[in-house]
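Assemble the whole structure, with the sequences as input and the hints as a guide.
Protein sequence lines, in the order shown, are assigned to chains A and B. Every letter in the first sequence is one number past the one before it in the working numbering, and letter 377, counting from 1, is 600. Every letter in the second sequence is one number past the one before it in the working numbering, and letter 199, counting from 1, is 422.
Because the hints were derived from the structure by calculation, they are not lab data. Don't take each hint at face value.
A pair counts as met if it fits within one copy or between any two copies, since identical chains are not told apart.
Stated by the list, open to error - Cut-off 25 angstroms, straight-line C-alpha distance, at most; resulting in silico cross-link-like pairs (DSS-like, lysine-lysine): (1) K303 with K567; (2) K303 with K546; (3) K459 with K321; (4) K229 with K459; (5) K229 with K546; (6) K315 with K567; (7) K605 with K567; (8) K531 with K567; (9) K511 with K531; (10) K605 with K232.
There are 2 protein chains.
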Amino acid sequence: MELFSKDFKAELSLRWQKIQRMLHQQGADACLISTNVNLLYTTGRIIMGYVYIPLSGEPLFFVRRPYGVIENDQVIAIRKLEQLPGLLMGLKMPLPRKLMLEGGEMTYTDWVRTAAVFPDADLLDGTHQIRQVRSVKTEYELNEVRESARLQALAFTKFPALYKTGMTDHEFSVEMEREMRLHGCLGVFRIFGSSMEAGMCSVMAGDNADAPSAYDFAMSGGGLHPSLPVSANGSKLENGMSVMVDFGSAFNAYISDMTRVFSIGKLTQKAYDAHQVSLEIQNMLMQKTVPGATCEDLYLASYQLAEKYGFADCFMGITQQAKFVGHGIGLALNELPVLCDSNKELIHANMVIALEPKFMIPSTGAVGSENTYIVHENGLEKITIATESIIDLTV
Amino acid sequence: MELFSKDFKAELSLRWQKIQRMLHQQGADACLISTNVNLLYTTGRIIMGYVYIPLSGEPLFFVRRPYGVIENDQVIAIRKLEQLPGLLMGLKMPLPRKLMLEGGEMTYTDWVRTAAVFPDADLLDGTHQIRQVRSVKTEYELNEVRESARLQALAFTKFPALYKTGMTDHEFSVEMEREMRLHGCLGVFRIFGSSMEAGMCSVMAGDNADAPSAYDFAMSGGGLHPSLPVSANGSKLENGMSVMVDFGSAFNAYISDMTRVFSIGKLTQKAYDAHQVSLEIQNMLMQKTVPGATCEDLYLASYQLAEKYGFADCFMGITQQAKFVGHGIGLALNELPVLCDSNKELIHANMVIALEPKFMIPSTGAVGSENTYIVHENGLEKITIATESIIDLTV
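This is the structure we're talking about:
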């Protein structure tokens with residue numbers, strides 16, 4: 224088995240070079256990648272091992288598992304981390320003096336172990352910088368996320384037919400998960416942040432949408448069990464309820480994010496009105512989200528539009544309101560940037576961003592839609608193309 | 224919302240006392256729990272926040288999310304970690320001098336942040352010690368895992384009818400996942416180790432069972448995509464193949480583990496013979512796995528039985544053979560102890576252990592079974608009760 228194909232190496236080289244430019248800016252002379260999301264970013268696959276990226280030249284790939292990956296000048300089979308300095312010296316590579324690690328992704332134990340292996344190196348936490356590198360996608364990555372979004376939207380078209388009268392939110396969720404999986408969804412979603420956990424989709428019917436989250440989610444449901452307080456809570460779907468379905472894609476390494484709302488019969492006019500405001504906020508953001516815009520301004524413009532229509536008090540939840548309207552996405556569900564209050568980070572071309580203005584309507588449930596977009600010079604390209612009106616499941 | 228009910232507090236007290244005894248042994252005067260698996264262990268639910276367990280007396284619960292958890296002398300709403308010293312002092316609690324943290328579960332960044340919050344405390348990594356505490360279950364926990372296993376075995380009885388001629392391993396997997404979810408499986412499995420990832424089940428048909436894992440799994444399949452190299456690889460299920468299904472339960476907070484093998488038509492005699500050896504190894508281990516036995520001895524006894532029947536070369540895989548036969552299980556899929564070569568840890572009563580002697584038969588696939596057991600004074604109690612013979616899906 225080869226670690227990566229010759230054709231794919233050109234793509235990976237773009238990523239390595241972006242990391243090397245960042246290392247230069249940070250004054251580091253190498254980084255050692257050891258966590259799954261960044262191993263995937265730098266090799267295109269999951270391995271158990273380490274990618275050593277020097278400031279210049281090609282990376283070295285130290286692979287513990289899988290056993291049997293081809294060995295060459297760049298790919299070196301290892302048993303343990305402690306072999307690295309000897310192997311680097313054997314290749315006449317200088318040992319790093321300022322080494323970047325992923326302190327926000329790796330455990331404390333792994334950091335300490337690495338520090339002992341490179342006792343003469345200053346260690347530098349590059350978690351945020353590597354996430355910034357990943358937030359601006361290559362053309363290849365954009366096409367992967369477009370394909371993931373295309374399959375996601377295709378699976379979505381099958382969802383309404385899965386509803387049967389008398390179902391619970393959980394049963395409806397299970398049928399949608401199955402449909403996603405049959406379309407090729409891998410079923411596991413990487414999330415940044417050690418306290419984050421999520422299943423394949425969050426399905427929230429009625430007031431469950433306002434259950435305050437134990438995670439860093441805005442409106443994600445209370446769950447079936449206190450050990451996983453997210454998504455459906457087992458409620459029967461009843462007349463007058465909105466059923467919000469927030470689901471990731473992951474038909475390849477890349478995730479797109481999408482939310483749509485179903486109804487059981489008719490909703491109140493207020494719910495339809497608030498839903499329309501969500502669509503209007505997204506239309507506004509499609510124009511305003513251009514390179515150079517700040518995350519904070521985009522959030523505030525969204526909030527102001529919600530306020531203008533009288534929905535500020537239920538924007539992004541009621542009981543636990545999130546001051547947030549969207550997030551970057553890619554290899555993880557929650558990438559940079561975060562479109563939230565007080566975040567002065569800038570938007571860049573080729574970022575991939577999910578925008579999810581949502582509203583909580585008590586006794587009805589959540590309304591609003593979420594789409595994934597690619598940032599271009601003149602605005603956003605929507606890649607989750609599917610009807611955004613509220614679909615009545617009983618019709 | 225209450226953090227936990229009065230009835231459940233007696234159960235949690237048992238766990239807090241076990242941790243306090245361990246703190247005493249380790250010379251620590253408190254531990255600060257911050258990672259999901261241990262928050263779940265010490266509160267019975269997922270919160271975003273911290274559980275502060277002093278050497279004696281009741282723990283304090285500092286809750287960031289969900290918003291609206293009841294506040295009392297023990298439950299304190301916080302916005303950030305940095306408030307803790309002030310809040311402890313306000314409660315006339317001494318600040319810890321030797322504070323245990325979960326260095327093998329939390330990120331380096333979180334450890335450093337905690338160190339800055341408690342600058343006068345010596346920090347101690349208690350990951351392994353807390354996992355040891357968790358490895359011996361309370362009666363309540365044993366009943367939870369029994370119930371999870373009961374539902375798992377019940378869902379399993381529906382699996383054979385889900386097979387249709389011409390299916391791929393992936394399609395079969397999706398139907399089994401759906402069945403599990405409809406029986407109430409929560410669908411997300413906690414795993415120890417930052418490089419570990421898994422979906423709801425590993426389905427391996429034919430030679431895919433021997434794909435060398437990029438994870439710390441013995442025989443788990445190559446997967447649909449290099450970004451998640453585990454389980455089904457999309458192969459069509461064909462005559463003469465074994466289809467191994469290794470699936471977790473998680474119908475509540477607790478996981479049991481179970482593997483069964485299906486066949487498409489008849490397998491070779493060698494496959495049936497090896498399968499029988501797996502059952503014989505488990506019968507042997509049911510007697511030998513008693514308090515005081517060492518993990519290493521149990522692995523070696525298993526290996527020797529495999530060797531006696533001439534199956535040593537394909538025991539636990541061929542391409543990437545694991546020197547391992549089982550593992551503890553509970554709130555995480557892989558708990559202590561690990562029944563592997565060179566592990567001198569002792570078995571204790573009330574541990575929950577999954578035993579999975581498996582064999583790889585080239586051109587056929589994997590055979591063997593896996594069950595979850597509770598350790599009693601006189602041997603093991605099997606809790607995953609379902610037929611263990613190879614079920615021909617075409618009959």
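Hints, one by one, checked against the model:
With identical chains, the CA atoms of K303 and K567 are at most 25 angstroms apart between copies only, with a shortest distance of 21 angstroms across copies and 41 angstroms within one. Taking the shortest alpha-carbon separations for K303 and K546, only the inter-copy value of 17 angstroms comes in at or below 25 angstroms, while the best intra-copy value is 44 angstroms. For a Cα distance limit of 25 angstroms, the shortest separation of K459 from K321 qualifies neither inside one copy, at 57 angstroms, nor across copies, at 50 angstroms. Neither within a single protomer nor between protomers do K229 and K459 lie at most 25 angstroms apart by alpha-carbon distance, with minima of 53 angstroms and 29 angstroms respectively.
With identical chains, the CA atoms of K229 and K546 are never at most 25 angstroms apart, being 45 angstroms at best within one copy and 35 angstroms at best between copies. In this assembly of identical chains, K315 and K567 lie within 25 angstroms of each other by CA distance neither inside one copy nor across copies; the values are 43 angstroms within and 40 angstroms between. Taking the shortest Cα distances, K605 and K567 sit within 25 angstroms of each other inside one copy (24 angstroms), while across copies they are farther apart (57 angstroms). Taking the closest pair of Cα atoms, K531 and K567 come within 25 angstroms of each other only inside a single copy of the chain (24 angstroms); across copies the shortest separation is 68 angstroms, beyond that limit.
Taking the shortest Cα distances, K511 and K531 sit within 25 angstroms of each other inside one copy (18 angstroms), while across copies they are farther apart (72 angstroms). Proximity of K605 and K232 under a CA criterion of 25 angstroms is satisfied in neither setting, with 29 angstroms inside one chain copy and 50 angstroms between copies.
Consistency note: the structure conflicts with the earlier hints numbered 3, 4, 5, 6 and 10.
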